[in-house]
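Engineer: Chain A is already provided as a structure; the job is to place chain B on it using the hints.
Spelled out, the chains give:
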Amino acid sequence: MEEKTVMIRNLVKKFGSFTAVDNISFEVSRGEIFGFLGANGAGKTTAMRILCGLSKPTSGEGTVAGFSINSEQEQIKRHIGYMSQKFSLYPDLKVWENFELFGGIYGLNDKEIRIKTDSMLKALSLEDARNMYVRDMPLGWKQKLAFSIAMVHDPEIVFLDEPTGGVDPVTRRNFWETIYDAASKGVTVFVTTHYMDEAEYCDRVSIMVDGRIEALGSPAELKEAYGAADMDGVFTRIAGRGAAGQ
Amino acid sequence: MRQILSFIQKEFRHIFRDVRTTMIVLVMPVVQIILFGYAVSTEVYNVVVDVVGDMTDPEVRRIVERIDANEYLRIGEVLPSVSEIEGRFRRGSPKAVLCFGDRFDSQAGSGKGASLRIVADGADPNTAQTVTAYLMGVLASEQMEMATALTGSSGPSFSPNIQLMYNPAMSSSYNFVPGVMGLILMLICSMMTAVSIVREKEFGTLELVLVSPVKPFWIVLSKLAPYLVLSLVNYVSVLLLAHYVMGVPVNGSLTLLTLASLVFVGSSLGLGLLVSVISKTQQTALMICGMGLTMPTMMLSGIIFPCESMPAVLQAISCIIPAKWYVIMVKKIMIQGVGFASVAKEFAVLTGMMAFLLYVSIKKFKTRL
Numbered sequence: 001m002e003e004k005t006v007m008i009r010n011l012v013k014k015f016g017s018f019t020a021v022d023n024i025s026f027e028v029s030r031g032e033i034f035g036f037l038g039a040n041g042a043g044k045t046t047a048m049r050i051l052c053g054l055s056k057p058t059s060g061e062g063t064v065a066g067f068s069i070n071s072e073q074e075q076i077k078r079h080i081g082y083m084s085q086k087f088s089l090y091p092d093l094k095v096w097e098n099f100e101l102f103g104g105i106y107g108l109n110d111k112e113i114r115i116k117t118d119s120m121l122k123a124l125s126l127e128d129a130r131n132m133y134v135r136d137m138p139l140g141w142k143q144k145l146a147f148s149i150a151m152v153h154d155p156e157i158v159f160l161d162e163p164t165g166g167v168d169p170v171t172r173r174n175f176w177e178t179i180y181d182a183a184s185k186g187v188t189v190f191v192t193t194h195y196m197d198e199a200e201y202c203d204r205v206s207i208m209v210d211g212r213i214e215a216l217g218s219p220a221e222l223k224e225a226y227g228a229a230d231m232d233g234v235f236t237r238i239a240g241r242g243a244a245g246q
Numbered sequence: 247m248r249q250i251l252s253f254i255q256k257e258f259r260h261i262f263r264d265v266r267t268t269m270i271v272l273v274m275p276v277v278q279i280i281l282f283g284y285a286v287s288t289e290v291y292n293v294v295v296d297v298v299g300d301m302t303d304p305e306v307r308r309i310v311e312r313i314d315a316n317e318y319l320r321i322g323e324v325l326p327s328v329s330e331i332e333g334r335f336r337r338g339s340p341k342a343v344l345c346f347g348d349r350f351d352s353q354a355g356s357g358k359g360a361s362l363r364i365v366a367d368g369a370d371p372n373t374a375q376t377v378t379a380y381l382m383g384v385l386a387s388e389q390m391e392m393a394t395a396l397t398g399s400s401g402p403s404f405s406p407n408i409q410l411m412y413n414p415a416m417s418s419s420y421n422f423v424p425g426v427m428g429l430i431l432m433l434i435c436s437m438m439t440a441v442s443i444v445r446e447k448e449f450g451t452l453e454l455v456l457v458s459p460v461k462p463f464w465i466v467l468s469k470l471a472p473y474l475v476l477s478l479v480n481y482v483s484v485l486l487l488a489h490y491v492m493g494v495p496v497n498g499s500l501t502l503l504t505l506a507s508l509v510f511v512g513s514s515l516g517l518g519l520l521v522s523v524i525s526k527t528q529q530t531a532l533m534i535c536g537m538g539l540t541m542p543t544m545m546l547s548g549i550i551f552p553c554e555s556m557p558a559v560l561q562a563i564s565c566i567i568p569a570k571w572y573v574i575m576v577k578k579i580m581i582q583g584v585g586f587a588s589v590a591k592e593f594a595v596l597t598g599m600m601a602f603l604l605y606v607s608i609k610k611f612k613t614r615l
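Protein sequences appear in the order of chains A and B.
Numbering-wise (my numbering), the first sequence opens with residue 1 and increments by one.
Numbering-wise (my numbering), the second sequence opens with residue 247 and increments by one.
Bound-form chain A, shown alone (with noise of 0.2 Å):
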């Protein structure tokens, strides 16, 4: 059996008597990219919050990086690596600063975090700008270096909470470039984003619609299923029928 970095059960996150996560079960394989995609207030964001460790489930189970999202939330921070659509960098450190303090924080110490700073600023090109203050570099540099930083811990998950908002297509084509290569190395890949292009470049998609899971499947799989031509064909679809039906 292939071996499954998150899986979800019937999970349902209630805030009073508004259920913004309703009743989603889901599963994503090791080494896979995994688009989460939703309107806005379609419960992404409170989903992954609850996979990532954040907050706690109303009810249903489910596992991420095989620890339990119930009861087991500290292991799970551990493992998982976390990229926000804000550059989740200190403009106001330098780059190998903030290796630094995100390698202290995950654990590693002065010689794993030495050698990974190097490792990755060479991977990406990046050497001259170890000494660089975040807030000097251009955009497409601090988004693959928020990347690199997410990863300085060697998570088999990432979360990426809508990692390129605000980047033109080519930075974008860029960023993806990164994720497919952390993705051939094993590292699953687990993405929101609004860039309806950018869901074509997952294995899977699921769309969020009113807290509940209205499609699955890969993006050639739903555009036949939807009868659309591209993925935004197939978004407007599902997702304007779950605006109709309010």
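These are computed hints drawn from the structure, not numbers from a lab.
Mixed in with the good hints, there may be bad ones.
Claimed, not checked - Straight line, CA to CA, 30 Å or less: simulated DSS-like cross-link-like pairs of lysine-lysine:
| # | chain 1 | residue 1 | chain 2 | residue 2 |
| --- | --- | --- | --- | --- |
| 1 | B | K526 | A | K14 |
| 2 | A | K4 | B | K461 |
| 3 | A | K56 | A | K4 |
| 4 | A | K185 | A | K4 |
| 5 | A | K142 | B | K526 |
| 6 | B | K526 | A | K56 |
| 7 | A | K14 | B | K609 |
| 8 | A | K185 | B | K609 |
| 9 | B | K447 | A | K94 |
| 10 | B | K610 | A | K14 |
| 11 | A | K122 | A | K185 |
| 12 | A | K142 | A | K111 |
| 13 | A | K14 | B | K461 |
| 14 | B | K447 | A | K14 |
| 15 | B | K610 | A | K56 |
| 16 | A | K56 | B | K591 |
| 17 | A | K142 | B | K609 |
Structural biologist: For chain B alone, kept in the frame of chain A given last:
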């Protein structure tokens, strides 16, 4: 441990990378203490006093010379008549005018008594009051000598000899230094902490830290630690300045004073954390700290206006301001030099406040995540 140290190191980098923050943290306390200590002084030096009267009159001359000899007072002009007084006040030179009656010397010697009037410039009531008091003092001692000379006895059977315990020179820095200490520690601890946390909220970096395996309690602690350290640095520098530059004594136990300051710092950090929980932007945090913490502290903690002379409502409000209790303690320990027993009540109140604020704010901080 390594995690916490990485965090604290990062926090210090934030502080010293930002010129404005560094200035606020390290320069502001010194500027404040000097401003309050020197510029904002309620003492009166070299105040000009004009005279209306006959300068050939021996008694008038004696009094005028006495006034001129006083270190706080200086004789300005001798005016020909009382009608000139207003013009002189309007030009702002004298703060008071001493008007002697006609034939002052002989009248004073007679049983009827002589007429003497002090006209002070009430536009500046503080100075007017102080100058009047000085003049009265000078006149009283002159009167005693005159009585002795006339009757041969020692004159009136008693005359009050005013002595100001703990602050014989009525130096206003005795009042301001404890207040400024309270203000500075509160500003550094509450405002800086609140702003630094809210800034991370704004940047989105707080999220990143929260998904890390570091427990929220430790995140809070490593956020507070640098400001605790800095406030202690400030505490020491303000104390040194106050003692060696302003000449404010430290009569009581330094350990007790430090302990009281630590408790106050703790409650201020709690306040800062609380502000960071309720505000979404740095601007909001600054507003809340400025209007909600600094202003009430300045106005109500007895730094500028004595609590005792406030209306009952304000007095009641002043009791929930931590700085009030701290300032009372600092005054008692530094200037009166009392021991723990005399500040036990204030100490207990402040400790209670600290425990409450830290508990509530850390709990709130965790649940908001």
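Engineer: Would the hint linking K14/A and K609/B be met if the CA-CA limit is 30 Å?
Structural biologist: This hinted pair holds, its Cα atoms lying about 22 Å apart.
Engineer: K610/B and K14/A were given as a pair; does the straight-line alpha-carbon distance stay at or below 30 Å?
Structural biologist: 21 Å, holds
Engineer: Given the hinted pair K526/B and K14/A, is their Cα-Cα distance within 30 Å?
Structural biologist: 24 Å, holds
Engineer: For the pair supplied as a hint, K4/A and K461/B, confirm whether the alpha-carbon distance does not exceed 30 Å.
Structural biologist: 27 Å, holds
Engineer: For the pair supplied as a hint, K56/A and K4/A, confirm whether the alpha-carbon distance does not exceed 30 Å.
Structural biologist: 21 Å, holds
Engineer: Are the Cα atoms of K142/A and K111/A separated by 30 Å or less?
Structural biologist: Holds - the C-alpha atoms of K111/A and K142/A are around 24 Å apart, at most 30 Å.
Engineer: Given the hinted pair K526/B and K56/A, is their Cα-Cα distance within 30 Å?
Structural biologist: 24 Å, holds
Engineer: Please verify whether K447/B and K94/A have alpha carbons no more than 30 Å apart.
Structural biologist: 20 Å, holds
Engineer: Check whether the Cα positions of K56/A and K591/B lie no farther apart than 30 Å.
Structural biologist: 44 Å, violated
Engineer: Would the pair K142/A and K609/B pass a check requiring their Cα atoms to be no farther apart than 30 Å?
Structural biologist: Cα-Cα ~34 Å, so violated.
Engineer: Taken at face value, is the distance from the CA of K4/A to the CA of K185/A at most 30 Å?
Structural biologist: 15 Å, holds
Engineer: Checking one constraint from the list: CA of K14/A to CA of K461/B, max 30 Å. Satisfied?
Structural biologist: 24 Å, holds
Going through the hint list in order, the structure does not satisfy hints 8, 16, 17.
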